[in-house]
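Spelled out, the chains give:
Protein chains: 2
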Amino acid sequence: MAAARESEKKQEEEQVVNPWEVSAKGKIDYDKLIDRFGCQRLDEGLISRLHRLTSRPPHVFLRRGVFFAHRYFPSFLLSITETTNERVVSFCFVLFCFVLCCSDFAEILDAYERGDKFYLYTGRGPSSEALHLGHLIPFMFTKYLQDAFKVPLIIQLTDDEKFLWKNLTIEESQRLARENAKDIIACGFDISKTFIFTDFNYVGGSFYKNMLEVAKRVTYNQAVGIFGFTGEDHIGKVSFPPVQAVPSFPSSFPHLFSGKENLRCLIPCAIDQDPYFRMTRDVAPRIGCHKPALIESLFFPALQGETGKMSASDPNSAIYVTDSAKEIKNKVNKHAFSGGQDSIEKHRQLGANLEVDIPIKYLTFFLEDDVELEHIKKEYGEGRMLTGEVKQRLVEVLTELVERHRRARASVTEEMVNAFMAIRPLPHMFD
Amino acid sequence: MAAARESEKKQEEEQVVNPWEVSAKGKIDYDKLIDRFGCQRLDEGLISRLHRLTSRPPHVFLRRGVFFAHRYFPSFLLSITETTNERVVSFCFVLFCFVLCCSDFAEILDAYERGDKFYLYTGRGPSSEALHLGHLIPFMFTKYLQDAFKVPLIIQLTDDEKFLWKNLTIEESQRLARENAKDIIACGFDISKTFIFTDFNYVGGSFYKNMLEVAKRVTYNQAVGIFGFTGEDHIGKVSFPPVQAVPSFPSSFPHLFSGKENLRCLIPCAIDQDPYFRMTRDVAPRIGCHKPALIESLFFPALQGETGKMSASDPNSAIYVTDSAKEIKNKVNKHAFSGGQDSIEKHRQLGANLEVDIPIKYLTFFLEDDVELEHIKKEYGEGRMLTGEVKQRLVEVLTELVERHRRARASVTEEMVNAFMAIRPLPHMFD
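In the order they appear, the protein sequences are chains A and B. The numbering of the first sequence is the working numbering, which starts it at 164 and goes up by one. The numbering of the second sequence is the working numbering, which starts it at 164 and goes up by one.
To be clear, the hints were calculated from the coordinates, so they are not data collected in a lab. Treat the hints with care, since some could be wrong.
Stated by the list, open to error - Stretches of chain B that chain A covers, calculated by requiring three or more beta carbons in the stretch to come under 8 Å of a beta carbon on chain A:
1) 325-339
2) 367-374
3) 382-395
4) 399-410
What the hints assert, rightly or not - Straight-line Cα separation of at most 27 Å, DSSO-like style, residue types lysine-lysine; simulated pairs:
5) A:Lys400 / B:Lys280
6) A:Lys497 / A:Lys540
7) B:Lys313 / A:Lys329
8) B:Lys329 / A:Lys379
9) B:Lys497 / A:Lys372
10) A:Lys509 / A:Lys492
11) A:Lys356 / A:Lys379
12) A:Lys313 / A:Lys345
13) A:Lys400 / B:Lys329
14) B:Lys509 / B:Lys494
15) B:Lys345 / B:Lys509
16) A:Lys313 / A:Lys423
17) A:Lys345 / A:Lys379
18) A:Lys497 / A:Lys345
19) A:Lys372 / B:Lys400
20) B:Lys509 / B:Lys497
21) A:Lys372 / B:Lys379
22) B:Lys280 / A:Lys372
23) B:Lys280 / B:Lys356
24) A:Lys423 / A:Lys494
25) B:Lys329 / B:Lys280
26) A:Lys489 / A:Lys509
27) B:Lys423 / B:Lys356
28) A:Lys423 / A:Lys356
29) B:Lys313 / B:Lys345
30) B:Lys280 / B:Lys313
31) B:Lys400 / A:Lys400
32) A:Lys329 / A:Lys313
33) A:Lys372 / A:Lys280
34) A:Lys509 / A:Lys541
35) B:Lys313 / B:Lys400
36) B:Lys400 / A:Lys329
37) B:Lys379 / A:Lys379
38) A:Lys379 / B:Lys356
39) A:Lys423 / A:Lys492
Owing to the predicted nature of the structure, the values given are computational and were not obtained by experimental measurement. Beta carbons are placed, not taken as given, at the ideal position from N, Cα and C, and that holds for glycine.
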C-alpha cells in the first residue's frame with residue numbers, strides 16, 4: 164500500500180504540466196487524471212447534440228479523440244491544486260483529447276438552442292517564428308467552432324507573456340506576435356467575426372479594469388498553488404495571469420460587446436493553459452460574470468513518440484508549417500517513432516503496435532477519410548501493411564496540409580493583419 | 164549594551180512607514196535615520212544654488228525644514244531593506260523635512276545650468292473625498308518648483324492603487340480621483356505645462372510596456388523586502404509598484420516626450436512613497452534610463468501632536484480643506500497640542516516648549532512672514548505670549564489658507580479637469 168502510494172507519488176512528480184513546461188515520463192493513468200480534475204468521461208449525447216444544433220458533422224478532432232468531460236471546476240479544486248504545484252497530465256496513450264466542461268458547455272448549448280449566442284476566445288503565446296502542427300490544432304478546431312456556430316471569436320496574442328518569460332525584447336515579442344498572427348489568419352478565420360489583438364497593443368481601459376478586478380481576488384498564495392511561482396520569480400510573472408483571464412469577460416471588449424456584457428464565453432485551448440482558466444472560473448462569479456466554458460486539448464505528440472516532447476531546440480521533434488516537402492519526408496522517415504516490428508517476418512506475424520505508433524497517431528489527426536484511416540489501422544495492425552507504407556501516406560497527408568497552409572499564409576498581407584487587429588465593432592458577428 | 168540594542172530594536176518596531184501605513188511611538192533618532200537611509204544632511208549650498216539658478220527665494224518649506232541629503236540610493240541598500248520589512252522613519256521632533264537625493268538633484272541642477280531641462284512627477288492616491296492640509300503640502304511645493312524651473316509636470320492619480328487597497332469599486336475610485344484632481348488644480352498649476360492622469364484612464368501602450376520592463380526586473384522576494392507583502396496579499400498589490408514607478412521614465416508619455424526620452428525626472432513626494440522609488444532607482448539603469456531624483460517630505464503632524472497620526476476616521480486629527488472657519492477655530496482651540504505650561508504663572512516663568520507645540524509647527528509651515536514667525540516663537544518660548552494668542556494667529560492663517568483654496572477650487576470646472584487630463588502635447592512646456 165505504502166509502496167503503491169510511493170510509486171504514485173513518483174509518477175506524479177515525473178509529470179509536469181503548466182503553461183510554461185510540459186514534460187512526462189511513462190504511461191498515464193487517465194482514471195486518476197479524471198479523478199484529480201473532477202472530470203467525467205464525455206457524454207456522447209453532447210457530441211450528437213452539437214451535430215444536430217450546428218447541422219454539421221462533428222470535427223475529426225471531436226470524432227476521434229478520447230474525451231474527458233469536466234463536470235465542473237468547483238472552487239474547492241482551487242484549494243486542492245494549491246497544495247500540488249504540478250498537475251498530473253500526459254500525452255501518452257491518448258493521441259489527443261478534449262476536455263469539455265460539460266455543465267458549462269451544456270449551458271452554452273442550452274442557451275444556443277434558445278437563440279442566445281456566445282463568443283469564442285483562444286490565443287497563443289508568440290514565442291517562436293514558425294508554428295508546428297501542434298500549434299495549429301487549437302486554431303483548426305476553433306475555426307470549425309466558429310463556422311459551425313457562427314459566433315464571434317477573440318484571439319489573444321500574449322506578447323507580454325513571452326516578453327516576461329523569455330529572453331526577448333518587447334519589440335521582438337511584438338514582431339513574433341504579428342508573424343504568428345499571419346499563420347493564424349491563414350487558418351481561414353472570418354474577418355467579419357474575428358478580432359485578433361496583442362496585449363502590448365490592447366491592454367488598457369476596460370481590459371485593465373477587469374485585470375485588476377481579477378487580481379484583487381487572487382492571493383499570492385493561491386497564485387503559487389495554481390502556477391507554481393517561487394519567490395525568485397519576478398513580479399511580472401505574478402502579474403500576468405489576470406491578463407489571460409479577462410478576455411473571458413465580454414466587458415473587456417466594449418467595441419464588440421457593449422450592451423452584451425452577459426454573453427457567455429467558450430475557450431478552446433491546449434490543456435496546459437488550464438491553470439489560467441481554473442483561476443478565471445473561480446473569480447468569475449465573484450465579479451458577477453459567467454464562468455467561461457472550456458474545451459481543452461491535450462498535446463500533440465512529438466515525432467519521437469508519446470514520451471518525447473516537441474522542443475524548440477530540436478527541430479526534428481516536430482513538423483513545422485515552414486518545412487519543405489523534403490524536410491517533412493526526412494523527418495517522418497527518420498524520426499517518427501514506429502510501432503512496427505523489428506523484422507518484416509515478425510511484423511507480418513504480430514502486426515504493428517498502434518498504441519505507440521506516431522504515424523498512426525498523426526494520421527488520426529490529419530487523415531480526414533474515416534474509411535481509409537480504419538483500413539490503414541487494420542492492415543498495419545495485422546501486419547499486412549509495413550511502417551514504410553504508412554509513413555509514405557503520412558508524408559503525403561502532411562505535405563499537402565503544410566503546402567495548403569503555406570499558400571494560405573503567403574496571401575496574408577500586412578494590411579490583413581491590421582484589419583483583423585483593428586479595434587472596431589463586428590456588425591455581422593452573429594450572422 | 165545589550166539593553167541599548169534591545170531598546171533600539173523596540174523603537175524600530177514601534178515605527179512603521181510604508182505607502183499604506185504610517186505610525187510611530189516616541190522620539191526619533193534622526194542620525195539613525197540618516198544612517199539607515201544612506202543619507203547625509205543637506206548641503207546648504209544646494210539651496211543657495213537653487214536660489215541663484217531660479218532667481219527666486221527658496222520656498223518656505225525649504226527655508227524652514229530640517230533636511231536630509233540623500234547621497235545616493237546604491238543598490239546594496241535594496242538588499243538591506245529587503246531584510247527589514249519596515250523602515251525607521253517618524254515625524255516627531257521635525258515638523259517637516261525634505262529628503263534630497265543630492266547627487267541626482269545636483270545632477271539635475273548641473274544639467275539645468277547647462278540648459279538641459281527636466282520634468283517633475285508627483286501624484287496622489289485618491290482614497291478620500293476631502294484633502295487635509297498635509298495632502299496639499301507636496302502640491303504646494305511642486306507648484307513652487309514648476310514656477311521656479313519652468314518645467315513640465317506629470318501628476319499621477321493612482322485610482323487603481325486605491326481600488327486594490329481599499330474597499331472601493333473602480334467607479335468610486337475614479338470619482339474620487341476626479342474630485343481630488345479639482346483640489347490639485349486649485350493649487351494653481353499651469354495647464355500649459357501640466358498633464359494630470361488617472362491610471363484607469365491612462366495605463367496602456369508605452370506606459371504598460373514600461374510597467375513590464377520594470378516588473379521583469381523585480382523579484383517577488385525583493386518586492387516583499389521593499390513593500391512587506393505577505394502570501395495572503397492579493398496579486399493586484401504585487402502588480403502595482405511598477406505602475407507608480409514608470410512615470411519616472413519619459414517614454415511612458417510619448418505624447419509629451421517623444422524624442423526627449425533622455426529627460427531627467429524630479430519627484431517631490433511624501434517619504435512614505437520612498438519604497439516605490441527606491442525600487443525604481445534600482446531598476447532604472449538596467450533599462451537604460453536615468454534614476455529619478457527625489458525630494459521627499461516627512462509627514463505633516465496631527466493636531467494631537469508629534470506622536471499622533473492624522474486619521475481619516477478621526478476628523479479632529481486634521482484640518483481639511485473643506486472645514487469651515489468655525490470648524491478650524493474649534494479644532495485648533497480644542498485639539499491642537501500645546502507646548503504651553505499648565506498655569507499662566509508657570510508659563511510666564513518657563514515659557515512654552517516649542518519642540519512639541521503644534522500651533523508653532525503649523526505656523527512654521529504656513530506663516531510666510533519670517534519676521535513675524537521669529538517674533539512669535541521668541542515671545543511664546545519666553546512666556547510673554549500665551550497659547551491662546553498663538554492659536555488665534557494660527558486660526559487666522561489657516562482660515563485664510565483654506566478660504567483661498569476653497570475659492571480656487573470652486574472655480575475648477577469639469578471642463579478644466581478634462582483639459583488637464585487630455586492626452587495632448589504641451590507645446591510650451593519648457594517656456
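Tested hints:
1. 325-339: This one holds; 3 residues, not fewer than the three required, reach chain A with a Cβ under 8 Å.
2. 367-374: Since three or more residues must qualify, the claim that chain A covers the stretch 367-374 of chain B holds, with 4 doing so at under 8 Å.
3. 382-395: holds (count 9)
4. 399-410: holds (count 5)
5. A:Lys400 / B:Lys280: The hint is violated at about 36 Å.
6. A:Lys497 / A:Lys540: Roughly 21 Å separates the two Cα atoms, so the pair holds.
7. B:Lys313 / A:Lys329: 42 Å, violated
8. B:Lys329 / A:Lys379: With a Cα-Cα distance of about 10 Å, the restraint between lysine 329 of chain B and lysine 379 of chain A holds, given a limit of 27 Å.
9. B:Lys497 / A:Lys372: 44 Å, violated
10. A:Lys509 / A:Lys492: 25 Å, holds
11. A:Lys356 / A:Lys379: 32 Å, violated
12. A:Lys313 / A:Lys345: 22 Å, holds
13. A:Lys400 / B:Lys329: The given pair, whose Cα atoms are some 24 Å apart, holds under the 27 Å limit.
14. B:Lys509 / B:Lys494: With Cα atoms ~25 Å apart, lysine 509 of chain B and lysine 494 of chain B stay inside 27 Å; holds.
15. B:Lys345 / B:Lys509: 47 Å, violated
16. A:Lys313 / A:Lys423: The hint holds at about 16 Å.
17. A:Lys345 / A:Lys379: 35 Å, violated
18. A:Lys497 / A:Lys345: Given that 27 Å is the threshold and the Cα spacing comes to 30 Å, the pair is violated.
19. A:Lys372 / B:Lys400: 14 Å, holds
20. B:Lys509 / B:Lys497: At roughly 21 Å apart (the allowed maximum being 27 Å), lysine 497 of chain B and lysine 509 of chain B satisfy the hint.
21. A:Lys372 / B:Lys379: With a Cα-Cα distance of about 21 Å, the restraint between lysine 372 of chain A and lysine 379 of chain B holds, given a limit of 27 Å.
22. B:Lys280 / A:Lys372: 35 Å, violated
23. B:Lys280 / B:Lys356: At roughly 13 Å apart (the allowed maximum being 27 Å), lysine 356 of chain B and lysine 280 of chain B satisfy the hint.
24. A:Lys423 / A:Lys494: 48 Å, violated
25. B:Lys329 / B:Lys280: 37 Å, violated
26. A:Lys489 / A:Lys509: Violated, at roughly 30 Å.
27. B:Lys423 / B:Lys356: Distance ~15 Å between lysine 423 of chain B and lysine 356 of chain B Cα, so the pair holds.
28. A:Lys423 / A:Lys356: Given that 27 Å is the threshold and the Cα spacing comes to 15 Å, the pair holds.
29. B:Lys313 / B:Lys345: Measuring from Cα to Cα gives roughly 22 Å; hence the hint holds.
30. B:Lys280 / B:Lys313: Given pair lysine 280 of chain B, lysine 313 of chain B holds - Cα atoms ~9 Å apart, limit 27 Å.
31. B:Lys400 / A:Lys400: 13 Å, holds
32. A:Lys329 / A:Lys313: 36 Å, violated
33. A:Lys372 / A:Lys280: This hinted pair holds, its Cα atoms lying about 25 Å apart.
34. A:Lys509 / A:Lys541: 17 Å, holds
35. B:Lys313 / B:Lys400: 35 Å, violated
36. B:Lys400 / A:Lys329: Since the Cα atoms of lysine 400 of chain B and lysine 329 of chain A sit roughly 24 Å apart, the hinted pair holds (cutoff 27 Å).
37. B:Lys379 / A:Lys379: 20 Å, holds
38. A:Lys379 / B:Lys356: Status violated; Cα separation ~35 Å.
39. A:Lys423 / A:Lys492: 49 Å, violated
Checked against the numbered hints above, the structure breaks hints 5, 7, 9, 11, 15, 17, 18, 22, 24, 25, 26, 32, 35, 38 and 39 and satisfies the rest.
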